[in-house]
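Could you slot chain B onto chain A? The hints should help.
Now for the letters of each chain:
There are 2 protein chains.
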Amino acid sequence: MHTFKDATEVEINRVMEQSWAAFEVYRTCSLRQRAGFIRTIATELGSISASVVAAAMQETNLPEARLKNELTRTIFQLNNYAGACEQGNWLEVRIDTAIPERTPPKPDLRKLLVPLGPVVVFGASNFPFAYSTAGGDTACALAAGCPVIVKAHPAHAQTSGMVAEVIIKAARQSKMPDGIFAHVYGAGFEVGKSLVMHTHTKAVGFTGSYTGGKALFDWAAQRKEPIPVFAEMGSTNPVYLLPEKLSQSPIEQAKLYAGSITLSTGQFCTNPGLIIGIDNADLQKFITALGREIEQVPPSTMLHPGIAKAFAANRSRALMQDQVNTVAIAQQPPEDNQGIPTIASATGQAFLNNPVLHQEVFGPYSLVIRCKDMDEMIAVAKRMEGQLTTTLIATETDMRNNRVLMETVKNSCGRIIINGVPTGVEVCLSMQHGGPFPATTDARFTSVGADGIKRFARPLCFQNWPNSLLPDELKDGNPLGIWRTVNNELTKV
Amino acid sequence: MHTFKDATEVEINRVMEQSWAAFEVYRTCSLRQRAGFIRTIATELGSISASVVAAAMQETNLPEARLKNELTRTIFQLNNYAGACEQGNWLEVRIDTAIPERTPPKPDLRKLLVPLGPVVVFGASNFPFAYSTAGGDTACALAAGCPVIVKAHPAHAQTSGMVAEVIIKAARQSKMPDGIFAHVYGAGFEVGKSLVMHTHTKAVGFTGSYTGGKALFDWAAQRKEPIPVFAEMGSTNPVYLLPEKLSQSPIEQAKLYAGSITLSTGQFCTNPGLIIGIDNADLQKFITALGREIEQVPPSTMLHPGIAKAFAANRSRALMQDQVNTVAIAQQPPEDNQGIPTIASATGQAFLNNPVLHQEVFGPYSLVIRCKDMDEMIAVAKRMEGQLTTTLIATETDMRNNRVLMETVKNSCGRIIINGVPTGVEVCLSMQHGGPFPATTDARFTSVGADGIKRFARPLCFQNWPNSLLPDELKDGNPLGIWRTVNNELTKV
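In order, the protein sequence lines correspond to chains A and B.
For the first sequence, our numbering begins at 248 and goes up steadily by one.
For the second sequence, our numbering begins at 248 and goes up steadily by one.
Pulled out of the complex, with its shape left as it was, chain A reads as follows:
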């Protein structure tokens, strides 16, 4: 394992000064220039595919196929957000033309989104590419017009460094200002804190644990000038098994979920950690089948020893709780740093009474909640904290018959899946990857999909400007041909 020296205060200060200087140049770059730069990163990243996947395999223990897919997705994200950047819909251009004859005269007003300033990005340990150095936060911030400072995740610092070199090379090729991108090492929390507290930092993107994300949020709120933090902090992603659908396919659902729970050793923020059913013969069939499936899944090595240790501790703590039964454990004994697939079960009442059972166990673990009836299932749903996703295994009749449950879950998550699994986050404009606290620190935004660009931008209004001095996006005649709301009507004219 490579070791990297933590950045010093002096180095951080120099990095942030360069970042600010780069911001003053970069925010005047056109959408096309920004998009070109991001596309160059995508191309350059593709060109080191073999070596960077090899490095990531070593650092994260993730299998090659998974990492290759993730790299492909990362390249897709970069190109997709570059396309969205250039298309310009995210700018939310509004124009209200003057009415000089009105009393008082109505001024000419035009508005678009402008970048916030340097963005500090904390990558995720479980996605060394897609949610890390050149991941979604970086792509969104660059599209918004913000320089990026990545704090390398210590668990894949070498991979991160290789990707950072690619970004810096792409920046030079694209003639971007020095300081448009910086890469900082730091194993402890001090480097992260210094970056968040620096006066030139204007926003933060984070993917990781509740403890990590909440600390960043608190630091940011305590600054003299508070700044927005978008921290995606994981979730238990409850799955509700509705009676009609479950009676039709208890075994198929169990097989589907055994796969989702153990995919990538359960190391996904959308991993289904809670499965809620009504205690009857169908649920018993489901539990038995799920247990049988889980027993056959071999333990696999987790991302790094810290995560393996946390999984072991959180799993033990959950299993030790009163009224929690262990349903199944993988039969093959785990080696060091492996996560052992595990299913537990508890009654609805036990869940309602014990906050420990609401907490995420990051890894291949899921708790099945047996509710005595639909009222108890609704009570469980009402008690649920904010989630990234909620899944309903349900027929249309189930959905029609259970309006209160439907409305309750709509109010506590960012995405509701019908008859599927929460793992697998499609990168597209309609995706919402975010949700009410504690899933994220700002439910009003997403970290996946091009709408994520808006996390790092703010509206700026131009009143009574001469047309020739307006940004091209706002000029008469719409020279960029983007969608704009002109006098309350959307138009490309």
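Hints in this document: simulated from the structure, not taken from any laboratory.
Careful: at least some of the hints might be erroneous.
Any copy, or any two copies together, can satisfy a pair, since identical chains are not distinguished.
[Claimed, not checked] Cut-off 25 angstroms, straight-line C-alpha distance, at most; resulting in silico cross-link-like pairs (DSS-like, lysine-lysine): (1) LYS461 - LYS440; (2) LYS315 - LYS252; (3) LYS471 - LYS461; (4) LYS440 - LYS471; (5) LYS722 - LYS657; (6) LYS502 - LYS532; (7) LYS422 - LYS657; (8) LYS657 - LYS629; (9) LYS657 - LYS353; (10) LYS353 - LYS315; (11) LYS353 - LYS502; (12) LYS657 - LYS471; (13) LYS471 - LYS629; (14) LYS619 - LYS416.
For chain B alone, kept in the frame of chain A given last:
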């Protein structure tokens, strides 16, 4: 003056429980139902025009004409936001249709904005109608689908109570759930704190002082579940006098600004508190003319004794600073609780060295900064904190010749006005009333214009839902006929 009893903890708890129950009903109401309710408030408010203006005159000391205008604007806002609510563009509907043949299959994903939950609104003392009980925050929250709890401003509690009765009457007429709107009295900060800290509160809207807004922000951030706060906390609204334009019209600019500085006794958050020029003969002409104008403006009674006292103290403190000269004071002596129009002046160097001179003096006061050259003006601009507005008095040549200044001011405010005054905030979609901290606590949103609705909403994604159970906004065939982004293209089909 009427006195109102502060709400007790028990009462606040009851109000919040009712508000939550109302939320569970109201968020399922259609856009048309929400808009109908908001329009009924507008109509009912119009019907008590005479009595509510009379009450406000007594409580705020604002003149009748001003209050009538403000009421008209408030009714316009309600109708305008109701129209935007119904039009549905603010929902940001995105649809990506399924591609089942892809590997892996692409699911059907559809997204729209949904309400956050009960919103606590703190009205402004200087706008008893437009930024208070039935003001912009309330209208936006109701349009978003959120119940509203207004904490009455103690300085116009009777007016607030009359408006609240109108809203409750409109709610009954529109068959809205009980608890959709609540009105709470509280003279001290305890009631406000209890409301912000209540677990059912999901967002806060505020217009007022930095001290008040920052306290709400800090409480909200310290909750177990932090919630978003949109606090508009005022601003010094710098005005830059560029050389060519100033040389053309120093006297006219002085007259224009004497009016803007003293309008409504200077009690606007967009009041021009700093005027920055380059020290030359033209600036001297401007200062002399501005002083002569100000001397002729009679002092007028401020909103309430607390504001008059704060103005007197802040004005004295500013005038006492080293290297600050008093340019002009209104000749007519002030009576009790009147604000006396005042102009002071200081060098650019003095401003750069003294943070006190950067602070807002809320009332009819402005400080003219005399810079030794354009470099010093740029240095002043770079040091400026976040602002609601910045104004440039400039010819096109001035703008072309001073790109660095232009780019600097773009980065520190929400609205840039060319050759006008910052006072007067047009209610339209292109308006940005907001800006970098400390102007507001979240520069990514506006509190004026229908885009303000988005402060109180978050995206919710529906994956693989049966069409018949989707919200109408997301259904195939677009039954509501709203603009939607379908497979990356904006369309009404």
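To see whether the hints hold, each was checked on the structure:
1. LYS461 - LYS440: Classified as both: same-chain Cα gap 12 angstroms, cross-chain 22 angstroms, threshold 25 angstroms.
2. LYS315 - LYS252: neither (29 angstroms within a copy, 66 angstroms between copies)
3. LYS471 - LYS461: Intra 18 angstroms, inter 10 angstroms, cutoff 25 angstroms: intra and inter.
4. LYS440 - LYS471: For LYS440 and LYS471, the Cα distance is within 25 angstroms both inside one copy (14 angstroms) and across copies (21 angstroms).
5. LYS722 - LYS657: Between copies only: 17 angstroms across chains, 41 angstroms inside a chain, cut-off 25 angstroms.
6. LYS502 - LYS532: So LYS502 and LYS532 pass the 25 angstroms test inside one copy only (12 angstroms; across, 84 angstroms).
7. LYS422 - LYS657: Close across copies (24 angstroms), not inside one copy (46 angstroms); limit 25 angstroms.
8. LYS657 - LYS629: So LYS657 and LYS629 pass the 25 angstroms test inside one copy only (11 angstroms; across, 45 angstroms).
9. LYS657 - LYS353: between (41 angstroms within a copy, 22 angstroms between copies)
10. LYS353 - LYS315: between (56 angstroms within a copy, 19 angstroms between copies)
11. LYS353 - LYS502: Classified as between: cross-chain Cα gap 21 angstroms, same-chain 64 angstroms, threshold 25 angstroms.
12. LYS657 - LYS471: between (36 angstroms within a copy, 21 angstroms between copies)
13. LYS471 - LYS629: Answer is between: at 17 angstroms across copies they meet the 25 angstroms cutoff, but 37 angstroms inside does not.
14. LYS619 - LYS416: For LYS619 and LYS416, the Cα distance exceeds 25 angstroms both inside one copy (60 angstroms) and across copies (43 angstroms).
In summary, the numbered hints that this structure violates are 2, 14.
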